[in-house]
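There are 2 protein chains.
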Amino acid sequence: MIGSIGAAAAAICVVLCTVAFQVGAGAAEVKFKYEIKEFQVPLDHFSFLSNATFNIRYLYNDSFVDKKNARTPIFFYTGNEGDIELFAQNTGFMWELAEKQRALLIFAEHRYYGKSLPFGASTFNASMPDHLAYFTVEQTLEDYAMLITFLRNDLPLPVVAFGGSYGGMLAAWFRMKYPHLVAGALAASAPILQFPGITDCDIFYRIVTSVFQNAYNSNCTTNIGRSWKTFETLGGTEAGKKQISDAFNLCHPIKNDADLKNFLDYIEEVYGNLAMVNYPYNSSFLAPLPAYPVRQVCFYLKDLHQSDADLLHAMASALAVYTNYTGSVKCLDTSVNSNADDSGWNVQTCNQMVMPFCSNSTDSMFRPSSWNFKEFSDKCYKDYRLTPKPYDIILRYGGRNIETATNIIFSNGLLDPWSGGGVLQAPNNKVDIIILPEGAHHLDLRNSNPADPPSVRDARNKEASIIARWIHEF
Amino acid sequence: MIGSIGAAAAAICVVLCTVAFQVGAGAAEVKFKYEIKEFQVPLDHFSFLSNATFNIRYLYNDSFVDKKNARTPIFFYTGNEGDIELFAQNTGFMWELAEKQRALLIFAEHRYYGKSLPFGASTFNASMPDHLAYFTVEQTLEDYAMLITFLRNDLPLPVVAFGGSYGGMLAAWFRMKYPHLVAGALAASAPILQFPGITDCDIFYRIVTSVFQNAYNSNCTTNIGRSWKTFETLGGTEAGKKQISDAFNLCHPIKNDADLKNFLDYIEEVYGNLAMVNYPYNSSFLAPLPAYPVRQVCFYLKDLHQSDADLLHAMASALAVYTNYTGSVKCLDTSVNSNADDSGWNVQTCNQMVMPFCSNSTDSMFRPSSWNFKEFSDKCYKDYRLTPKPYDIILRYGGRNIETATNIIFSNGLLDPWSGGGVLQAPNNKVDIIILPEGAHHLDLRNSNPADPPSVRDARNKEASIIARWIHEF
Numbered sequence: 001m002i003g004s005i006g007a008a009a010a011a012i013c014v015v016l017c018t019v020a021f022q023v024g025a026g027a028a029e030v031k032f033k034y035e036i037k038e039f040q041v042p043l044d045h046f047s048f049l050s051n052a053t054f055n056i057r058y059l060y061n062d063s064f065v066d067k068k069n070a071r072t073p074i075f076f077y078t079g080n081e082g083d084i085e086l087f088a089q090n091t092g093f094m095w096e097l098a099e100k101q102r103a104l105l106i107f108a109e110h111r112y113y114g115k116s117l118p119f120g121a122s123t124f125n126a127s128m129p130d131h132l133a134y135f136t137v138e139q140t141l142e143d144y145a146m147l148i149t150f151l152r153n154d155l156p157l158p159v160v161a162f163g164g165s166y167g168g169m170l171a172a173w174f175r176m177k178y179p180h181l182v183a184g185a186l187a188a189s190a191p192i193l194q195f196p197g198i199t200d201c202d203i204f205y206r207i208v209t210s211v212f213q214n215a216y217n218s219n220c221t222t223n224i225g226r227s228w229k230t231f232e233t234l235g236g237t238e239a240g241k242k243q244i245s246d247a248f249n250l251c252h253p254i255k256n257d258a259d260l261k262n263f264l265d266y267i268e269e270v271y272g273n274l275a276m277v278n279y280p281y282n283s284s285f286l287a288p289l290p291a292y293p294v295r296q297v298c299f300y301l302k303d304l305h306q307s308d309a310d311l312l313h314a315m316a317s318a319l320a321v322y323t324n325y326t327g328s329v330k331c332l333d334t335s336v337n338s339n340a341d342d343s344g345w346n347v348q349t350c351n352q353m354v355m356p357f358c359s360n361s362t363d364s365m366f367r368p369s370s371w372n373f374k375e376f377s378d379k380c381y382k383d384y385r386l387t388p389k390p391y392d393i394i395l396r397y398g399g400r401n402i403e404t405a406t407n408i409i410f411s412n413g414l415l416d417p418w419s420g421g422g423v424l425q426a427p428n429n430k431v432d433i434i435i436l437p438e439g440a441h442h443l444d445l446r447n448s449n450p451a452d453p454p455s456v457r458d459a460r461n462k463e464a465s466i467i468a469r470w471i472h473e474f
Numbered sequence: 001m002i003g004s005i006g007a008a009a010a011a012i013c014v015v016l017c018t019v020a021f022q023v024g025a026g027a028a029e030v031k032f033k034y035e036i037k038e039f040q041v042p043l044d045h046f047s048f049l050s051n052a053t054f055n056i057r058y059l060y061n062d063s064f065v066d067k068k069n070a071r072t073p074i075f076f077y078t079g080n081e082g083d084i085e086l087f088a089q090n091t092g093f094m095w096e097l098a099e100k101q102r103a104l105l106i107f108a109e110h111r112y113y114g115k116s117l118p119f120g121a122s123t124f125n126a127s128m129p130d131h132l133a134y135f136t137v138e139q140t141l142e143d144y145a146m147l148i149t150f151l152r153n154d155l156p157l158p159v160v161a162f163g164g165s166y167g168g169m170l171a172a173w174f175r176m177k178y179p180h181l182v183a184g185a186l187a188a189s190a191p192i193l194q195f196p197g198i199t200d201c202d203i204f205y206r207i208v209t210s211v212f213q214n215a216y217n218s219n220c221t222t223n224i225g226r227s228w229k230t231f232e233t234l235g236g237t238e239a240g241k242k243q244i245s246d247a248f249n250l251c252h253p254i255k256n257d258a259d260l261k262n263f264l265d266y267i268e269e270v271y272g273n274l275a276m277v278n279y280p281y282n283s284s285f286l287a288p289l290p291a292y293p294v295r296q297v298c299f300y301l302k303d304l305h306q307s308d309a310d311l312l313h314a315m316a317s318a319l320a321v322y323t324n325y326t327g328s329v330k331c332l333d334t335s336v337n338s339n340a341d342d343s344g345w346n347v348q349t350c351n352q353m354v355m356p357f358c359s360n361s362t363d364s365m366f367r368p369s370s371w372n373f374k375e376f377s378d379k380c381y382k383d384y385r386l387t388p389k390p391y392d393i394i395l396r397y398g399g400r401n402i403e404t405a406t407n408i409i410f411s412n413g414l415l416d417p418w419s420g421g422g423v424l425q426a427p428n429n430k431v432d433i434i435i436l437p438e439g440a441h442h443l444d445l446r447n448s449n450p451a452d453p454p455s456v457r458d459a460r461n462k463e464a465s466i467i468a469r470w471i472h473e474f
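If you read the protein sequences in the order shown, they are chains F and G. Heads up: the first sequence at position 22 corresponds to 22 in full-length UniProt numbering, and the numbers run straight through without jumps. Heads up: the second sequence at position 71 corresponds to 71 in full-length UniProt numbering, and the numbers run straight through without jumps.
Watch out, some of these pointers could steer you wrong.
Since the list gives no way to pick one copy over another, a pair counts as held whenever it fits inside one copy or between any two copies.
Distance condition first, Cα-Cα at most 25 angstroms in a straight line; then the derived SDA-like pairs of lysine to any residue [said to hold, decoys possible]:
no.	residue 1	residue 2
1	Lys229	Ala320
2	Lys67	Ser465
3	Lys330	Pro454
4	Lys430	His472
5	Lys389	Leu151
6	Lys100	Gly399
7	Lys382	Ala52
8	Lys382	Thr53
9	Lys374	Pro42
10	Lys462	Ile435
11	Lys302	Leu104
Derived from the structure by calculation, the hints contain no laboratory data.
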């Protein structure tokens, strides 16, 4: 649950890390072929304390390149929180467009993720906090700047940055700070405004609530809103704990208050995930799911339930849409979060990526929770010996003041809870905003699919045409 | 001499540090009143290695502010290599304009200069090279970003950055990287292109030569060009060494080859300084000087001299324009370089501010010299345990690729040898280029003077009007 600090960090990762999940679910396809290369970067780009270096990985595919073209475009994915292969395999739009534009495809792995670990196996060793010191946005952008400079090899090659979610934030910031290196950036579902003081901390859960409210009928959110009290009441007795455990077929029955809390945190995360992957076709992003899974969930919650037992039963059916759509899951293990590499993201939330989350019960189906920076910061220090700098990102990237930005596409799906922290209004006529009314989290970056609704196809066409213009104008 | 590494760094400082000299010559006026304040900044903005902080100084004058104006402009001088008080006292244009615009005046001291020393008296202790690790452009710009954020105190106050020479480079880069914090920047005589591979290394000495060639007649540079051979021939004998020492009235007669080399390096620096302070009125910038001092120097070199003795005599008279215009100097002490704080600048040339200098004898009155990065780098390591990163600045600020820059005025005097590394062509219509045909090094930033030629007055008027527009549009 967002109100509890550890879970908040994990919850953010669950959402921002979804591309990893997607592949975790086995989406790798044969068409995604690449060489895996390495590139040496300084550990610290911004001081002269040491000359230490390490290697980041990048994926390389020149199969589409027209060798006679002296101005080959480079499509550069600004890797985010996870193994770069996962992103390469889940950003089909780049591959499809590279074929049309005859572009060189590069996917750069973010430092501290995948195999781009500055201190190898001891990178995340909590007893060596200095190992985490260089795990920042700016160091990462410099890695990419050096890699692009190397790849261009002094040739006037137009580079376009691509990224989704946190990778989209990096792509946008990269264009803002290194416009001499990239002709433009496609920032898909990039919540660059999800920072303290510039976006309401309850926006994420408000959007999730709204998605659920509009999925089937409004009883859905009423039931969910009431369910917390039901869980609390039942959880107060031994019999009730057993009742919950049985209803949800838990592998590890609830024994105490901590177990109950973990279970409720898990459910809240599932709601967020469901809103995010509320795709219009069957998918296996976070889990095997039907088309419009939120509608399916809310179908099971369409009737108002007065008794705790009835509500519990309906909730169990609803949750199974997410936890057991295939019907093959023997029991529900809430301790298995995902395949995601969230250890890295948790660190980033404790240095710069401080994104406040809270929930206001009057607008929300979630439990009320407030954002407590002090508590959050103390936990960061305890876990990593890190003191978060909550205003670093705004200081450097301007928060809502991005009037001078050019050649950036911010695309956002309105069904995506992260769109609350996205850029939905153009600061000037050189920044393009693309809204996908039916879009969930960076749907536009995925492979085209026969079931894609028109708005997603339109978005991709528009993106392709803007990117072609950038390349042409470069 | 530029060919020798240590002297090269010193020579750059002599030129870029001139504002310090100016005040060293006693130009402080009563009108420059300010409070001296301190502001705490992180030692390292870009890693999470430590939470160490230190204080930078800034000067504060709110005497012009209209307290009823909710949008008071802030004029922010991005301090460069020296004590900030010297810059405040030598940037009269800002004071004059602040009075008109009713602006708050801020002069921020650059870290590692003046009294903004992160490690106090041991900051430059060569046995503690880690003390110098955070002496970079990016750390400095972050200091300014934090200070501006503090000064604005969440109010929508338009900030204009000002700077001359290296301070002008910082002002321009600050606008490029933090456009959300400053509405625009006046970058006076800012050689942001004086970096490896993007500007010819002989440009500085070519401009100096050209200034001397056009000052009186072309015999001036012919004589100077021949003089090196004369010095070398005479310097080869004991009698010749004495002849030179007597002719120039040296406090410390030349005893050996090293003394001779130091003397010749000194003369070359003087030529560079003369071109830089070739102001149209008497000044005491680097030394007490007549109007158009280069013309005066060349007056003494107007006749071609065939004999070594005649040439030596003429050279001595010429140099005395710079070294003893007042006639009160008892003997010439070439070991006293200046009042400048060049220890800091020397370090910066050894980390990021790698500016190649060379001289080609066919175009130049200077001794031939080549740019040898390896030699330079080795010396940096020997002196400071620093390995220069010659492409850092281009990687981050784009070199000549500044097409996306907006709201920057680049002003350059064509008599200024640093104009060779300046921006003389606008990359777009949102960047203004102001050329001062009679201008030397950032003359436009100085107090207005009755003897100012029309082009300088025009430049200041144009700058004032552009700055007023930025403030209005903000």
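| Alpha-carbon proximity between Lys67 and Ser465, which holds within one copy, between copies, both or neither at 25 angstroms | Classified as within: same-chain Cα gap 23 angstroms, cross-chain 51 angstroms, threshold 25 angstroms.
| said: Regarding Lys389 and Leu151, is the shortest C-alpha distance of 25 angstroms or less found within a copy, between copies, in both, or in neither? | reply: Classified as between; 19 angstroms across copies, 33 angstroms inside a copy.
| Should Lys430 paired with His472 be assigned to within, between, both, or neither, using CA atoms and 25 angstroms as the limit? | both (15 angstroms within a copy, 22 angstroms between copies)
| Can you tell me if Lys302 and Leu104 fall within 25 angstroms by alpha carbon in one copy, between copies, both or neither? | Neither: 50 angstroms inside a chain and 62 angstroms across chains, both beyond 25 angstroms.
| task | Go through the copies and call it for Lys229 and Ala320: within, between, both or neither, with a Cα cutoff of 25 angstroms. | result | Classified as within; 20 angstroms inside a copy, 93 angstroms across copies.
| Between Lys100 and Gly399, at a C-alpha cutoff of 25 angstroms, which is it: within one copy, between copies, both, or neither? | Classified as neither: same-chain Cα gap 35 angstroms, cross-chain 32 angstroms, threshold 25 angstroms.
| said: When Cα atoms must be at most 25 angstroms apart, do Lys462 and Ile435 count as within-copy, between-copy, both, or neither? | reply: within (11 angstroms within a copy, 43 angstroms between copies)
| query | Within a copy, between copies, both or neither: where do Lys382 and Ala52 come within 25 angstroms Cα-Cα? | reply | between (27 angstroms within a copy, 19 angstroms between copies)
| request: Up to 25 angstroms between alpha-carbons, please classify Lys382 paired with Thr53: within, between, both or neither. | output: between (28 angstroms within a copy, 22 angstroms between copies)
| request: At 25 angstroms max between alpha carbons, let me know whether Lys374 reaches Pro42 within a copy, between copies, both or neither. | output: Close across copies (20 angstroms), not inside one copy (33 angstroms); limit 25 angstroms.
| 25 angstroms Cα cut-off: does Lys330 pair with Pro454 within a copy, between copies, both or neither? | neither (38 angstroms within a copy, 88 angstroms between copies)
Of the numbered hints stated above, those contradicted by the structure are hints 3, 6 and 11, listed in ascending order.
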